[in-house]
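Undergrad: Going by the numbering used here, the first residue of the sequence shown is number 1, and it counts up by one from there.
Be a bit skeptical, because a hint or two may be false.
Dumping the calculated DSS-like pairs for lysine-lysine here, alpha-carbon to alpha-carbon at most 25 Å [said to hold, decoys possible]:
#1 Lys-289 <-> Lys-299
#2 Lys-116 <-> Lys-70
#3 Lys-77 <-> Lys-27
Hints listed in this document are in silico derivations from the structure and should not be mistaken for laboratory results. Note that the structure is predicted; figures quoted are calculated from it, not measured.
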Amino acid sequence: MDESIAEAKALVQGTLVPEKDLALVRKTLACSFNVEDALPVLHSIAKVDAPTWKATSIVQLARKQKVHKKVTIVFPKNYVTKCIAGINMYRKSFPSDDEAGRMGVSIKKLGTFTEKDLITMRDWHDESPKFDAFCDLAAWIRVSRFARITLPSPLNNCVTVDLQACAKRLETVNLKTTMDTRFGQVGIEEMAFFRRSEWLDDSCMKLVMSHLMDQDQDENKRSCIGAVNPLYARVHDEAMKLQVIGSSPLRSSNRMILVPVYLDGHWAGVVFDNAKSRAVVFDPMQTNKYYNQACTVIKKYFGNYSSNLKLVRQHAPRQEDTNSCGPLVLLFFECMVRGMAVPNVAREQLAYLRFRYLFLTSKGVFCRSPDTATSEE
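Using the sequences and the hints, build the whole thing.
TA: Below, the structure is given as structure tokens:
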């Protein structure tokens with residue numbers, strides 16, 4: 001393992017000339033799981049069409065059998081997955097793994113490929129999208145310009161962040177890193193959904209909602225803000241949905257409770273404002289359809305929290321595209337927590353809000369600590 005790490009470092013430093021094949025892919029994914037080191041290697045491997053299954057045979061490899069040693073291609077994932085499943089099935093026909101020995105596939109006119117390389121092909125398919133997305137996140141940040149953003153304080157507290165340094169840092173972050181939230185751990189690769197016009201998934205919602213809960217704590221460091229795990233909204237099994245809600249970090253004594261509502265691929269939000277005896281409902285699309293559906297969700301799953309609260313409809317801001325519902329719901333939650341009016345936001349301000357929430361929830365992973373880079377009021 002030490003030799004592999006030293007070799008990977010030498011490759012990165014340019015003191016070794018890399019042979020860009022699946023063996024290098026294995027070493028890179030094991031030792032250098034970041035955009036800067038991994039992406040050039042992954043992109044050097046060529047995708048080819050799948051052979052026919054009729055031309056493919058699962059084989060037990062003899063000790064001196066000729067196999068491809070410098071593989072620079074990958075077959076489609078469904079083909080590779082089928083080959084690996086076939087190998088596993090064939091292996092079970094032997095009394096033990098030792099007797100099964102090494103295995104692979106023999107493909108007419110293409111030769112024999114080892115099981116190890118087939119597994120690496122599968123890993124290439126699984127991991128490449130993560131690096132591509134994170135690379136695009138860094139590229140988006142690098143070309144963004146937020147200096148002229150005009151939003152009330154503290155919403156404007158990230159306009160002077162060094163975007164170039166932040167993008168550079170992103171390219172060196174280990175994508176196996178996880179971040180702690182009040183709802184559990186979130187993989188750092190999930191933060192790529194903050195970029196451009198991507199639809200925010202529940203991991204992004206968890207990160208920002210957890211950050212907002214940290215802004216109001218009592219003397220025992222318990223949050224005065226409760227929140228429902230966003231995962232509940234996308235769970236179809238009713239028993240599991242109720243379990244996720246029941247295990248969420250909220251108490252009836254919370255000053256406020258943040259409730260994300262997922263409606264057919266669309267985020268809405270509800271805040272139980274116990275201090276003012278109201279339940280504020282926000283649908284970024286401002287449609288009666290989603291407003292009524294959100295009210296139905298409240299009554300069905302949160303009646304014990306909302307029964308004594310007056311329903312109030314939040315009318316601004318308004319969503320003007322298909323994918324900005326997530327950032328707008330998070331803005332609504334933040335303004336409610338801070339006791340400020342929710343401002344209308346232009347398209348360029350939405351891009352800034354996406355970056356701001358990414359930066360504030362990074363917990364120091366990126367270019368510098370958010371606590372020292374900003375001052376939140």
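Undergrad: Tell me the numbers of any earlier hints that the structure contravenes, in ascending order.
TA: none
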